[in-house]
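Chemist: Chain by chain, the residues:
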Amino acid sequence: MSEETLSAAERTAILRDSLGVGLATGAYGVSFGAVSVAAGLSVAQTCALSLVMFTGASQFAFVGVLAAGGTPLSGGLTALLLGTRNTLYGLRLAPLLRWRGVRRLLAAQVLIDESTAMSMTRPTTAAARVGFLGTGVSIFVLWNLATFLGAIAGRTLGDPRSYGLDAAVGAAFLALLWPRLTDLRNRLVALAAAAVALGIVPVSPAGVPVLAAAGVALLAGVLTRQPDPTEFPEPPR
Amino acid sequence: MTWAAILLAGAGCYLLKLAGLSVPPRVLQRPAAERVADLIPVALLAALVAVQVFAQGPHLVLDARAAGLAVAVGLLVLRAPFLVVVFGAALTAALLRL
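Protein sequence lines correspond, in order, to chains A and H.
Mind the numbering: the first sequence is residues 131 to 367 in our numbering, read in order.
Mind the numbering: the second sequence is residues 2 to 99 in our numbering, read in order.
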């Protein structure tokens, strides 16, 4: 991890890859915006989620719990639990990125799956920073823009169910989960968590089933030994 | 209430990110803690899929959303991009409800 300067060609190559990922990921902010207003949030609340929370799975979870009739409190708790993985990314990236003070405070907001994936494997601090910021900042800008457009569109389209937007949320969660399902233990944990959640649905308030499923992760983590081979996010397709 | 939850959970998510960049790595180095933290997204996302698709209030139901999910699985197997998966599921459910 040297401070060597990056050649212009390397820098351009990393930036090009990062912007490609940024464009692809940012665009699906449209689906978040549409889904969020369909769940009953206002356009302003939807945009606030993308600006302040800015971590896709947590945002989808928050509006998903609300759409199912859960309280904002259980929505917020689910979002926080899903946000814990960003802490792990940060722990691993900190020695590579080596930012301090205000720069670290700013960089933290764009610490997400994609910026981690695009900086994790770089050989130098300089290269990792270009990958991290190129990906993180382009996604931040596009994700927020797309959220606003999606929310406006969702507003004007009318009943979201006739467009199948309620089915879109389940598909979005599955797509986020998919890369982790290559590992057998993860598959078993996913199945058990789904079963626990559905089993609790008839007897508990909305929002609780999803939180209860976190117990499956707790049990599996304590009772198993081998590390998870899919732990790092793959660079998105 | 919704606003408070948005701002608090949003601030919490930011602090979780900042903590990762700021805390000495040793804190989460205990293997069991690390495994639990790794598995939480898997369990939560799977539960979210299940509840989002098969629950209607306190009832378990099988409707157009399940067909949308089946199409999403097919598209994921075919390595379709995120947006195609999401809109493919929506389109399926929408067409079934016509």
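Keep in mind that the hints are not guaranteed to be accurate.
For each label pair, taking beta carbons as the anchor points, the in silico distance ranges come out as [as the list claims (entries may be wrong)]:
id : chain 1 : residue 1 : chain 2 : residue 2 : range
1  : A       : 231       : H       : 63        : 31 to 41 Å
2  : A       : 139       : H       : 99        : 49 to 59 Å
3  : A       : 146       : H       : 60        : 20 to 30 Å
4  : A       : 228       : H       : 61        : 19 to 29 Å
5  : H       : 2         : A       : 139       : 47 to 57 Å
Reference listing, derived: stretches of chain H covered by chain A, where coverage requires no fewer than 3 residues with Cβ under 8 Å from a Cβ of chain A [claimed, not checked]:
id : segment
6  : 2-15
7  : 32-44
8  : 56-68
9  : 73-79
10 : 85-95
To list a few chain A residues with every Cβ distance to chain H over 12 Å, as calculated [claimed, not checked]:
id : residue
11 : 141
12 : 143
13 : 146
14 : 147
15 : 189
16 : 190
17 : 198
18 : 214
19 : 241
20 : 251
21 : 271
22 : 296
23 : 343
24 : 347
Honestly, the hints are just simulated from the structure, not real lab data.
No experiment lies behind these values; they were computed from the predicted model shown.
Positions of the beta carbon are idealized from the N, C-alpha and C atoms, including for glycine.
Chemist: With reference to the structure, classify each hint as holding or not holding.
Modeler: Verification of the supplied hints:
no.	hint	in the structure
1	231(A) with 63(H): 31 to 41 Å	54 Å, violated
2	139(A) with 99(H): 49 to 59 Å	53 Å, holds
3	146(A) with 60(H): 20 to 30 Å	50 Å, violated
4	228(A) with 61(H): 19 to 29 Å	50 Å, violated
5	2(H) with 139(A): 47 to 57 Å	53 Å, holds
6	2-15	holds (count 14)
7	32-44	holds (count 13)
8	56-68	holds (count 8)
9	73-79	holds (count 3)
10	85-95	holds (count 10)
11	141	23 Å, holds
12	143	22 Å, holds
13	146	18 Å, holds
14	147	16 Å, holds
15	189	9 Å, violated
16	190	8 Å, violated
17	198	6 Å, violated
18	214	6 Å, violated
19	241	4 Å, violated
20	251	18 Å, holds
21	271	17 Å, holds
22	296	6 Å, violated
23	343	3 Å, violated
24	347	4 Å, violated
Hint compliance for this structure: hints 1, 3, 4, 15, 16, 17, 18, 19, 22, 23 and 24 are not met, and every other hint is.
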